[in-house]
Amino acid sequence: MRFIQAKWLRVLEALLVAAVSATVGFLMMYTINDCRPLGADPTKFPTQLYCQDGEYNVLASIWFQTPEASVRSLFHDPPNTHNAVSLAVFVIFYFLLSCWTFGLATSNGLFIPALLTGAAWGRLVSIGLFYVSPDLSLIHPGKYALIGAASQLGGVVRMTISLTVIIMETTGNISFALPLIVTLIAAKWTGDFFNEGIYDTLIQLSGVPLLPWEPPPLVNNIYASEVMSHPAVTLKSVENVGHIVELLRLTTYNGFPVVDPPTTDQSEVTTYGKLRGLILRSQLICVLQNKLFNETCDDWDNVNADIFRNNYPRYPTIDQVVIEEEEKTYTIDLRPFMNPSPYTVLHSCSLPRMFRLFRALGLRHLSIVNDVNEVSAIYISKHELHLHTDMVIGMVTRKDLARYRTWRHRGRIGVEELVVSKDL
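Here the sequence shown is numbered in the UniProt record's numbering, starting from 1 and rising by one per residue.
Misleading hints may appear alongside valid ones.
[Unchecked claim] In the EDC-like style, the derived pairs of lysine to aspartate or glutamate whose C-alpha atoms are separated by at most 20 Å in a straight line are:
(1) Lys291 / Glu226
(2) Lys328 / Glu239
(3) Lys399 / Asp371
(4) Lys328 / Asp298
(5) Lys274 / Asp260
(6) Lys236 / Asp306
(7) Lys399 / Glu214
(8) Lys143 / Glu246
(9) Lys291 / Glu417
(10) Lys291 / Glu246
(11) Lys236 / Asp200
(12) Lys291 / Asp306
(13) Lys236 / Glu246
(14) Lys274 / Asp333
(15) Lys274 / Asp135
(16) Lys399 / Asp200
(17) Lys291 / Asp260
(18) Lys143 / Glu68
(19) Lys236 / Glu295
(20) Lys274 / Glu239
(21) Lys291 / Glu239
(22) Lys328 / Glu295
(23) Lys328 / Glu246
(24) Lys291 / Asp319
(25) Lys328 / Asp306
(26) Lys291 / Glu326
(27) Lys399 / Glu226
[Claimed, not checked] Across the chosen pairs, the derived CB separations fall in these ranges:
(28) Leu363 / Arg335: 18 to 26 Å
(29) Gly242 / Leu96: 56 to 64 Å
(30) Ala69 / Ile92: 20 to 28 Å
(31) Ile92 / Glu55: 19 to 27 Å
(32) His409 / Pro336: 36 to 44 Å
(33) Gly242 / Leu218: 45 to 53 Å
(34) Ala6 / Gly109: 20 to 28 Å
(35) Asn240 / Leu363: 55 to 63 Å
(36) Glu214 / Pro261: 37 to 45 Å
(37) Leu250 / Leu218: 33 to 41 Å
(38) Leu136 / Leu361: 29 to 37 Å
In case anyone wonders, no lab produced these hints; they're calculated from the structure. A virtual CB, placed ideally from N, CA and C, is assigned to each residue, including glycine.
Input sequences plus hints: build the corresponding full structure.
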């Protein structure tokens, strides 16, 4: 990820890994004499490679089967089917090749290679115990392979409940559930599952703005005014069509606060008007696509939520919406389509509190308001309720919070700020 950036180098690396994997596999089959008589293995398609007539190569059967079938055979093969030397060599090289393959710029799986590696060394442990105590009847190679597979995958991805279901589905046998559950409980008692897995590490290395479960420590002195996107891109309650189209083409933001502009003229405007609601990019595109303009839409009774449901989840882009030049002079009333009560916080709100709001409520946007607190003037008329809200000064998205990460080195801890794009 750091040194191989060019596309042709990534392709060359993938070809190199494929060639090395094939070479290592064939060398293992050729150099290790692991031939067994036919009928000793329940494999449907035994491979005779480098073996005499009437025999099959156990390593070749593992390599040439699909990884899922190899895992299943390690779980269900009878005792004395696999050689200790061949399993030990297979575990070492297959684990190293799995690590190398996972780092490629290609979509490669990690679950089945981890299961296969764990099942192989789990069965290797059962062979070692059998040599130590040959008369011990409790040694079942399949169950040791199951525990090894669960331990390997649990140590790599740090999963608990879902891992049980995956192993049971892979084995196709519910009788293996008890030793697996015991293994997971023991691993949880030791605290292994509370550490970061390979996916968490990869997310941090890639700089992907994914919110963790808990806010990072040492960020209580970071406030919303420091995190928010400023200046905020806002829309008026009744907005010009041409302005909306141009705004959607020039920006990639997903949500826009709807405000009433400030009435006073100032040389330096620090607010963007009283907050009236929040409207999403997909909603604006659907309104433009259906041409719900104030000047041309006569039948407002037929306007309902179906105009948004019909395009879900693949909403069109702004380039797919055709707007005539004359239509750009029209206006759109955003109040019937916007969210009139979006979540807001003061600019003095701390980062941990905003973090918990995003995690608990599943937010994507959070409007930041000033401390004027103009929420006192409320009066109800016959048809509507008027509420004077706070003044918008910025917006916070998940990317704004996720760019703060914790680093640990030699007993020291700190917070770093990642550089991410604000396209959310």
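Structure-based check of each hint:
A C-alpha spacing of about 39 Å is found between Lys291 and Glu226, which places the hinted pair above 20 Å, so the restraint is violated. For the given pair, Lys328 sits about 11 Å from Glu239 by alpha-carbon distance, which is consistent with the 20 Å threshold. The hinted pair formed by Lys399 and Asp371 fails the criterion: a straight-line CA distance of about 24 Å is larger than 20 Å. With a C-alpha separation of about 18 Å, the suggested pairing of Lys328 with Asp298 holds against the 20 Å cut-off.
For the hint linking Lys274 to Asp260, the alpha-carbon distance of about 5 Å falls within 20 Å, and the restraint holds. Under the criterion of a C-alpha separation no larger than 20 Å, the hint pairing Lys236 with Asp306 is inconsistent with the structure, at around 24 Å. Distance check on the hinted pair: Lys399 and Glu214 sit about 15 Å apart at the alpha-carbon level, within 20 Å; holds. About 64 Å separates the Cα atoms of Lys143 and Glu246, which puts this hinted pair outside 20 Å; it is violated.
Among the hinted pairs, Lys291 with Glu417 is inconsistent with the structure: their alpha-carbon atoms are about 43 Å apart, more than 20 Å. With a CA separation close to 16 Å, the supplied pair Lys291 and Glu246 stays within the 20 Å bound. This hinted pair does not check out: Lys236 and Asp200 have alpha carbons roughly 41 Å apart, beyond 20 Å. Straight-line distance between C-alpha atoms of Lys291 and Asp306 comes to about 14 Å, which keeps the hinted pair within the 20 Å bound.
The straight-line distance between the Cα atoms of Lys236 and Glu246 is roughly 15 Å, inside the 20 Å bound, and the hint therefore holds. For a cut-off of 20 Å, the pair hint linking Lys274 to Asp333 stands: about 16 Å separates their Cα positions. Taken as a hint, the Lys274 and Asp135 pair is broken in the structure, with Cα atoms around 82 Å apart against an allowance of 20 Å. This hinted pair checks out: Lys399 and Asp200 have alpha carbons roughly 17 Å apart, not beyond 20 Å.
Distance restraint check for Lys291 and Asp260: the Cα-Cα separation of roughly 23 Å exceeds the 20 Å cut-off, and the hinted pair is therefore not satisfied. Simply put, Lys143 and Glu68 have alpha-carbon atoms about 17 Å apart, close enough for the 20 Å limit, and the pair holds. Proximity of Lys236 to Glu295 is assessed by CA-CA distance (about 17 Å); at most 20 Å being required, the pair is judged to hold. Under the criterion of a C-alpha separation no larger than 20 Å, the hint pairing Lys274 with Glu239 is consistent with the structure, at around 15 Å.
Restraint check for Lys291 and Glu239: satisfied, since their Cα atoms lie roughly 14 Å apart, inside the 20 Å limit. Taking the CA atoms of Lys328 and Glu295, the gap is near 11 Å; set against the 20 Å cutoff, the hint holds. Using a Cα cut-off of 20 Å, the hinted pair Lys328 and Glu246 holds, with the two alpha carbons roughly 10 Å apart. About 15 Å separates the Cα atoms of Lys291 and Asp319, which keeps this hinted pair within 20 Å; it holds.
With a C-alpha separation of about 24 Å, the suggested pair Lys328 and Asp306 falls outside the 20 Å cut-off, and the hint is violated. Taken as a hint, the Lys291 and Glu326 pair is honoured in the structure, with Cα atoms around 12 Å apart against an allowance of 20 Å. Simply put, Lys399 and Glu226 have alpha-carbon atoms about 13 Å apart, close enough for the 20 Å limit, and the pair holds. Checked against the given bound of 18 to 26 Å, the beta carbons of Leu363 and Arg335, roughly 22 Å apart, stay inside it.
Remark: the range hint 56 to 64 Å for Gly242 to Leu96 is upheld by a beta-carbon distance near 60 Å. Distance hint for Ala69 and Ile92: a CB-CB separation of about 22 Å, consistent with the stated range 20 to 28 Å. The hinted window of 19 to 27 Å between Ile92 and Glu55 holds, with their beta carbons roughly 25 Å apart. For His409 paired with Pro336, a C-beta distance near 54 Å fails the hint of 36 to 44 Å.
Checked against the hint of 45 to 53 Å, the pair Gly242 and Leu218 passes, with Cβ atoms roughly 47 Å apart. Range check, Ala6 to Gly109: about 25 Å between beta-carbon atoms, so the 20 to 28 Å window is met. For Asn240 and Leu363, the Cβ-Cβ distance of about 29 Å falls outside the hinted range of 55 to 63 Å, so the restraint is violated. The supplied range of 37 to 45 Å is met by Glu214 and Pro261, whose beta-carbon atoms lie about 39 Å from each other.
Checked against the hint of 33 to 41 Å, the C-beta distance between Leu250 and Leu218 comes to roughly 37 Å, which is consistent with it. Checked against the given bound of 29 to 37 Å, the beta carbons of Leu136 and Leu361, roughly 55 Å apart, lie outside it.
Going through the hint list in order, the structure does not satisfy hints 1, 3, 6, 8, 9, 11, 15, 17, 25, 32, 35 and 38.
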